[in-house]
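Novice: As they're listed, the protein sequences go chains A and B.
Just so we're aligned: the first sequence equals residues -2 to 284 in our numbering.
Just so we're aligned: the second sequence equals residues 2 to 377 in our numbering.
Each hint should be verified, as a subset may be incorrect.
What the hints assert, rightly or not - Here are the simulated DMTMM-like pairs of lysine to aspartate or glutamate, each with C-alpha atoms no more than 20 Å apart in a straight line: (1) B:Lys47 to A:Glu160; (2) A:Lys86 to A:Glu257; (3) A:Lys63 to B:Asp237.
It should be emphasised that the hints constitute simulated quantities derived from the structure, not laboratory data.
Here is what each chain is made of, one letter per residue.
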Amino acid sequence: MSQEKQNRFLPYLREDRLPHIFCPGCGNGAIINAFLAAMEKAEMDFDNIAMVSGIGCSSRIPGYLKCDSLHTTHGRALSFATGLKTANKDLDVVVFTGDGDAASIGGNHLIHAARRNINLTVICINNNIYGMTGGQISPTSPKGSFGTTAPYGNQDTPFKLAELVAAAGATYSARWTTVQIENLVTSIKDGLKNPGFSFIEVATQCPTYYGRKNKLKTPTAMAAVMKANTVFKSAADRMRPRDLEGKIVVGEFADYTKDEFTESIDKLSVEKSGNRTIINSAYEREL
Amino acid sequence: MVEELFIQGNEACAKGAIAAGCRFFAGYPITPSTEVAETLARELPKVGGSFVQMEDEIASAGAIIGGSWGGTKSMTATSGPGISLMQENIGYAFMSETPIVIVDVQRGSPSTAQPTMAAQGDMMQARWGSHGDYEPIALSPSSVQEFFDFTVKAFNLAEQYRCPVFVMADEVIGHMREKIVIEDDIEIVPRKRPEKTDDYLPFENIENGTTPMPAFGDGFNIHVTGLTHDERGYPDTNDPETHDKLIQRICDKVLNNKDKICSVRSENCEDADIIIVSYGAPVRSAIEAVNKARANNQKVGYVKIDTPWPFPDEQLREIAGNASDVLVVEMNLGQMYYEVDRALKKDANVHLMGVIGGLLPTPDEILEKIEKIGGN
């Protein structure tokens, strides 16, 4: 392929790992694209980015990006990321997670990481379903939606993740969908630049499992429904709750600054030790 | 400068961690290990380190693995209920070859049971607690001095073999106070940084069955996963050969170095008819029981196992192979007993003195048991 035709983000990818495992029509590709565009806009040093993920389709993303990546256990990415960022606060730590990973098995770590306002940028790819295991309902599946574990329709009530994380203490929280890529890029950029816990939820299509179970068989059909159901936060704030049922409220739910966790820890350490903090101390014989 | 201190076991463990180069601790309060966390919360900032109280033990285990890849020697401390919660992430550390130290100050179990009483009920959990095949390293201290020394040793072994190492203490050792001596020339194994070459493979068998690991941010851009992976770290989950090669290597790096890792100590075993085998706190009573028996002209000796895992079969056979009877004294209803029996059953009758309830078996209780064995 000629240099001109090569995708401009290809240098960021582990080309030797392609092709990827994502299904045709999956939103993960658009989100990787949005992330890389946002990273460039934020003028981040890609080599200084370390990625952490849990288990699920979205958690496979860091494996395709050419940076240090820690693909951990189900739901626990934020606890690994907390240790990594605390051990080396100079790293820009990005977490890729999904609705099942972040909000079900990892829900406790999510609210505690937000409470600490630890400087991590979390991209939560919310497809309302467990894709990796074949289409079971998740804690964000709409009431009445179908999954292999909800053959008569979901009886459960979904979480509103961006609102939950904002309430828990994150200094940046936003929600967009894969049909609002420009807004998504801006939010990821803002999240990367925010010196605190940043949470960007992306509502996305899973045609293979969610779509097939819910009579939305093509990615375009899913995108059309998503677009039709989207309400901007500014408009939603003036709407009645019953009119918002089944809607996807997009926009920013938190955007402010307060003390960041690893800075506080480091400050204490510098003060108590008389400036003896060393990054990568494991490699030192004398400390 | 040699330092002499009169301190609690859990404090000695924390001091050992700092001496070994630990600069990150993540943990969750749990009796009877909490003083390890409390001491490190106070002391780590003074040496430029970080302490984080996590939301639970699962997060604590995750955080120290993250901390280790962040280039910092990392540790957690807990007890039975916490070690149960940590097991999945401990398995991840074995699979991803992440050096971490896990301290377990064992208490009465199962479930919540006896938080303030001693036990040794987690020995098999240290061996088999996470799913799948792996070979753990575990050290059992039987004094406050050893809790310091073994914590240092645990960090060194974790770095040498790039794996999790357990310090399996118990409530007696964790909470007792004794004099310890901290030498000024403690042997520390710093992490080895790999050379940045085009053909560097982060999961290769080049040294001790493993390979030096970079820190995140060093520019190696490596991928670390709990999935079955090739030498580059890339997932390859359906090829039987890749899985076999990886898991065999992870096991062999410990098993092939057993002669360097395993440690046992013994006394009065050459002519002994009965040998007491123990580890952790019960060793203290075993030694006193042997002294009393010898004063009474009974041919009794003892073996103290410093490293329950990997189990020192060969050393034990060498020392205890000639005795007619072997008595395993432990604070559970038989865990290491089965290992001793497996190692010695062709040569000796292996008996169990399994004590639960929380109190350390006394020398006289051990002697009583020895009388009974002798009588048979």
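Novice: Hint by hint, where does the structure go against what was stated? Just the numbers, ascending.
Specialist: 1
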